[in-house]
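K.L.:
With the hints as your guide, set chain U onto chain Y.
Chains Y and U are the protein sequences, given in the same order. Everything in the first sequence is counted per this note's numbering, starting at 1 for the first residue and increasing by one. Everything in the second sequence is counted per this note's numbering, starting at 1 for the first residue and increasing by one.
Everything labelled a hint here was simulated from the structure, so no lab data went into it. A few of these clues could be false.
Heads up, the list lumps identical chains together, so a pair's fine if it works in one copy or across two of them.
[As the list claims (entries may be wrong)] Listed next, the in silico EDC-like pairs over lysine to aspartate or glutamate satisfying Cα-Cα at most 16 Å (straight line): (1) K106 / E141; (2) K445 / D410; (3) K380 / D123; (4) K246 / D419.
Protein chains: 2
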Amino acid sequence: MSRLKKEFTIKTSKSIENMKSLDLLFKPRNVVIFEAKPKVGYFIEGLKSQGFNLENLYLISPSKDELSGLKCYNSFDDLPIETIDLLILSIKRDLVIQALNNIFSKKKVNFIHFFTAGMSESDEEGLFIENQIRRILENPEITTRAIGPNCFGIYCPSGNNSYMPFFPNKSGNIAIISHSGDILSRTVGNGALIYNLTFSKGASIGNCVSLQVSDFLEYFNQDEETDIILIYFEGFSRYEKLEGRKLFELLINMRKPVLILRGGKTKRGQSAVLSHTGSLGTPERIWHALYKQTPLIEVGSSIEEVIDHLYFFYEFYKKNRDLSLDAKIDKLPKGKNALVIIWSGGIGIIDTDVLTELGFNLPLFKGEKEEKLNKIYPVKIGSLSNPLDLPWVSRSEKYLELCKEAISEDIDIVFMHTDARFGRNLKKRLDNLTKIKNYVESQNKILILILPETPEKNRIRYFRALVENGFIVFPELMRAGKAYLALYNYGIKIKKMENRI
Amino acid sequence: MSRLKKEFTIKTSKSIENMKSLDLLFKPRNVVIFEAKPKVGYFIEGLKSQGFNLENLYLISPSKDELSGLKCYNSFDDLPIETIDLLILSIKRDLVIQALNNIFSKKKVNFIHFFTAGMSESDEEGLFIENQIRRILENPEITTRAIGPNCFGIYCPSGNNSYMPFFPNKSGNIAIISHSGDILSRTVGNGALIYNLTFSKGASIGNCVSLQVSDFLEYFNQDEETDIILIYFEGFSRYEKLEGRKLFELLINMRKPVLILRGGKTKRGQSAVLSHTGSLGTPERIWHALYKQTPLIEVGSSIEEVIDHLYFFYEFYKKNRDLSLDAKIDKLPKGKNALVIIWSGGIGIIDTDVLTELGFNLPLFKGEKEEKLNKIYPVKIGSLSNPLDLPWVSRSEKYLELCKEAISEDIDIVFMHTDARFGRNLKKRLDNLTKIKNYVESQNKILILILPETPEKNRIRYFRALVENGFIVFPELMRAGKAYLALYNYGIKIKKMENRI
Numbered sequence: 001m002s003r004l005k006k007e008f009t010i011k012t013s014k015s016i017e018n019m020k021s022l023d024l025l026f027k028p029r030n031v032v033i034f035e036a037k038p039k040v041g042y043f044i045e046g047l048k049s050q051g052f053n054l055e056n057l058y059l060i061s062p063s064k065d066e067l068s069g070l071k072c073y074n075s076f077d078d079l080p081i082e083t084i085d086l087l088i089l090s091i092k093r094d095l096v097i098q099a100l101n102n103i104f105s106k107k108k109v110n111f112i113h114f115f116t117a118g119m120s121e122s123d124e125e126g127l128f129i130e131n132q133i134r135r136i137l138e139n140p141e142i143t144t145r146a147i148g149p150n151c152f153g154i155y156c157p158s159g160n161n162s163y164m165p166f167f168p169n170k171s172g173n174i175a176i177i178s179h180s181g182d183i184l185s186r187t188v189g190n191g192a193l194i195y196n197l198t199f200s201k202g203a204s205i206g207n208c209v210s211l212q213v214s215d216f217l218e219y220f221n222q223d224e225e226t227d228i229i230l231i232y233f234e235g236f237s238r239y240e241k242l243e244g245r246k247l248f249e250l251l252i253n254m255r256k257p258v259l260i261l262r263g264g265k266t267k268r269g270q271s272a273v274l275s276h277t278g279s280l281g282t283p284e285r286i287w288h289a290l291y292k293q294t295p296l297i298e299v300g301s302s303i304e305e306v307i308d309h310l311y312f313f314y315e316f317y318k319k320n321r322d323l324s325l326d327a328k329i330d331k332l333p334k335g336k337n338a339l340v341i342i343w344s345g346g347i348g349i350i351d352t353d354v355l356t357e358l359g360f361n362l363p364l365f366k367g368e369k370e371e372k373l374n375k376i377y378p379v380k381i382g383s384l385s386n387p388l389d390l391p392w393v394s395r396s397e398k399y400l401e402l403c404k405e406a407i408s409e410d411i412d413i414v415f416m417h418t419d420a421r422f423g424r425n426l427k428k429r430l431d432n433l434t435k436i437k438n439y440v441e442s443q444n445k446i447l448i449l450i451l452p453e454t455p456e457k458n459r460i461r462y463f464r465a466l467v468e469n470g471f472i473v474f475p476e477l478m479r480a481g482k483a484y485l486a487l488y489n490y491g492i493k494i495k496k497m498e499n500r501i
Numbered sequence: 001m002s003r004l005k006k007e008f009t010i011k012t013s014k015s016i017e018n019m020k021s022l023d024l025l026f027k028p029r030n031v032v033i034f035e036a037k038p039k040v041g042y043f044i045e046g047l048k049s050q051g052f053n054l055e056n057l058y059l060i061s062p063s064k065d066e067l068s069g070l071k072c073y074n075s076f077d078d079l080p081i082e083t084i085d086l087l088i089l090s091i092k093r094d095l096v097i098q099a100l101n102n103i104f105s106k107k108k109v110n111f112i113h114f115f116t117a118g119m120s121e122s123d124e125e126g127l128f129i130e131n132q133i134r135r136i137l138e139n140p141e142i143t144t145r146a147i148g149p150n151c152f153g154i155y156c157p158s159g160n161n162s163y164m165p166f167f168p169n170k171s172g173n174i175a176i177i178s179h180s181g182d183i184l185s186r187t188v189g190n191g192a193l194i195y196n197l198t199f200s201k202g203a204s205i206g207n208c209v210s211l212q213v214s215d216f217l218e219y220f221n222q223d224e225e226t227d228i229i230l231i232y233f234e235g236f237s238r239y240e241k242l243e244g245r246k247l248f249e250l251l252i253n254m255r256k257p258v259l260i261l262r263g264g265k266t267k268r269g270q271s272a273v274l275s276h277t278g279s280l281g282t283p284e285r286i287w288h289a290l291y292k293q294t295p296l297i298e299v300g301s302s303i304e305e306v307i308d309h310l311y312f313f314y315e316f317y318k319k320n321r322d323l324s325l326d327a328k329i330d331k332l333p334k335g336k337n338a339l340v341i342i343w344s345g346g347i348g349i350i351d352t353d354v355l356t357e358l359g360f361n362l363p364l365f366k367g368e369k370e371e372k373l374n375k376i377y378p379v380k381i382g383s384l385s386n387p388l389d390l391p392w393v394s395r396s397e398k399y400l401e402l403c404k405e406a407i408s409e410d411i412d413i414v415f416m417h418t419d420a421r422f423g424r425n426l427k428k429r430l431d432n433l434t435k436i437k438n439y440v441e442s443q444n445k446i447l448i449l450i451l452p453e454t455p456e457k458n459r460i461r462y463f464r465a466l467v468e469n470g471f472i473v474f475p476e477l478m479r480a481g482k483a484y485l486a487l488y489n490y491g492i493k494i495k496k497m498e499n500r501i
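Just chain Y, same shape as in the assembly (with noise of 0.2 Å):
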């Protein structure tokens, strides 16, 4: 069980360095806004969304003495701090080289955001503001490290940051690097509203001038409140000659779970994200020998499959959250068997081969199995060889105690139908699926329930209602398969990397 030593193993003095420093971007004692206008009214909303201290948000406009009811300074010089913790930066991209050396020539300054848009993404004046930026945060007397340019910023519930207003506020277990903001805000927003889904910290880091995507991977896995981490990645940066290197070594080193999405997997698409971030693109089998080496998952290609996958993610290490890593890693799925247990036909011959086609073994229920179950109800209606075709039974004991049988050990993960409409008697349906998710999960195994998406005032009530009892609900078979085999793949790979199996 003792864990591989990895001969690439990041020096532990550079890393609590890092950690350190990255700190005080996610939860800055202060935040600097410069300029204050009314483009930026969203980033004082998000703050104050998260409660954030507004003694400590300062404005900065040239013109203006307030904005969103909040006091503007004209000047860095007015500043009543001497450290500034994160510095906002939205301003036209002319005047981004000659305010940066007026700030630092008045300010200390922790860590800057550069909202601004328009750099090497855009033009070649753009590259060349981007480089002049870049050549500044070299100078060794400046400590400043940097997000951006072009990025919409951080989102961190515990340190009362977000560059949005509509975030949860609670903190979860997640943690998101992303070359795209529209990406990691519709992850987060829409994670948030489908799934109740909660995060740590997230990251929009957009062209990439000082901090890199390995700066937040190796900051993250060293973070207690992260289990989990999702990077949304378009390419290299043209700064850094060592990020693959970098990233390579950080991978093989990783105990969490880091899935990827990828933008310009095409050759279209990488020509899209030229004008995007202007991030270089990587050559397949660099991807492949990740994939294969690492503990990195890809996913597919939507947000959709991106938030469906953070789900069961996420719910795997929020119910094992109190276990020490080497107990996560043993708890994470074994095997490919599933049983499907559905109220009526057709849709179980469908999944039969979904799940088939997926990779999953559905064993078939024979001999003794089979007569053991026949016993306990003879079905004449239905199926008991697996799918489980219960449309009579399922109200009755019996089924308890079908599903029971059926679950016995060879087993790994249940895949059940539910369904809201003919739910009336909405208390009794619960009670019954809590009895099957205790003895499921008393057996180590996993259930996760199938309910359609529809936009019924029912449905949206069931599934609440199972959500907070605590259920794995997908809104589709091959959706909630396809999650499942990452975790288990996931599991795969960190076991034998560790040597374990």
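P.N.:
Just chain U now, kept in the frame of chain Y:
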């Protein structure tokens, strides 16, 4: 433009006979239910919900005088009618043969719906009973035809006929033939809830002892209410050796799109089929030939995908309802050149990858085109090169101008993201979108909006408003892209078959 005459043309006389005969199945003048007991309550509720004249509904029960407020006759002798259009038979399997002989000795029956299950799909005894039914129906003196056994029955709103109480009353243009009542019910029920789909006819046909898929396909091909046909197919019936050949001949002459969802595609799925309808498997090469040589379109592997496809086809045929069949075929999508319009960054990259992988082409706006767009609005932030990434102009007049210029001749399909969250001013937003939609349609192109699925009230309200205003709205780009390609591919096939291209 002349239609290709096929050598396998179905004989007209038989077709007309077939049409006539199935009319009374979908639109019976009377319905008899035997045996009337609480279990068949939803047949009664289904008929009631569709406004079936209850004076023409006859319940038979040897023991009851009343059910659901309706009088029960004690035997067929008491029935005040001589000819039964539709008899729903729900009795224990052991009693079926005796009942049939008794009924046929007293009444003329046009159609029987054998609800009874536990037949050939269950065991040898069931198969034996089913074979006896077959033999009785083969008697040349008996003109009765039947669906089932082991099936839910018929849905036909224009015939006030339904086996379920929650299906739409409004009649539409989609007909369904299904080996599974469950899949029929989910498609109709969820399709109506999600996209307001409406249907012409639905038949759950179970073990096919009498009527086969081909009988319904032939009928629907000539049914004026039907534009689109969906088949859920598990395999060929054991009772009709020539069914495969018949289906092929029908399909090759079909002038309506036929979507098919297949159950039992995998070997493991086939073993599940055996205990469902007992249908026989079909070699994959037969399917490949069918997909290649007929307008049959395979739909992936979920009800969700089926409903998505039906929705897109439904909207197309609704919009072109008044055109001749030839003109409809001419209107089918002509190409795979896509324009993507987004309001911010990263999602455009993912979209580009997804559409490219699906086989779409996203023309890159360069040279003259780029200059034209730049003259209209020289974006500094975002991109004009397709995806059109327009973060700050969506409320300006320039927006419409930019879209118009981008949509010019070489674009076939426009995918446009929209979002309920930022939609404080839904009316204004709807006005702008309507202008774009009108322009796109005036150019004979198609606009699909992408609105992510979230359980927000705003989202539900916005979605409803869009649908009511004639927009096609999908929750996810890949799902929209697949549905578009299905209609496009159907167009290519039907035009080739009719020697138009």
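K.L.:
All the hints need checking, so say for each whether the structure fits it.
P.N.:
Structure-based check of all given hints:
Proximity of K106 to E141 under the C-alpha cut-off of 16 Å is restricted to the intra-copy arrangement: shortest distance 13 Å within a copy versus 104 Å between copies. For the homomeric pair K445 and D410, the shortest alpha-carbon distance inside one copy (10 Å) is at most 16 Å, but the shortest distance between copies (53 Å) is not. Only between protomers do K380 and D123 lie at most 16 Å apart by alpha-carbon distance; the minimum there is 9 Å, versus 72 Å within a single protomer. For the identical chains of this complex, K246 and D419 are neighbours neither inside a copy (48 Å) nor across copies (38 Å), given an alpha-carbon limit of 16 Å.
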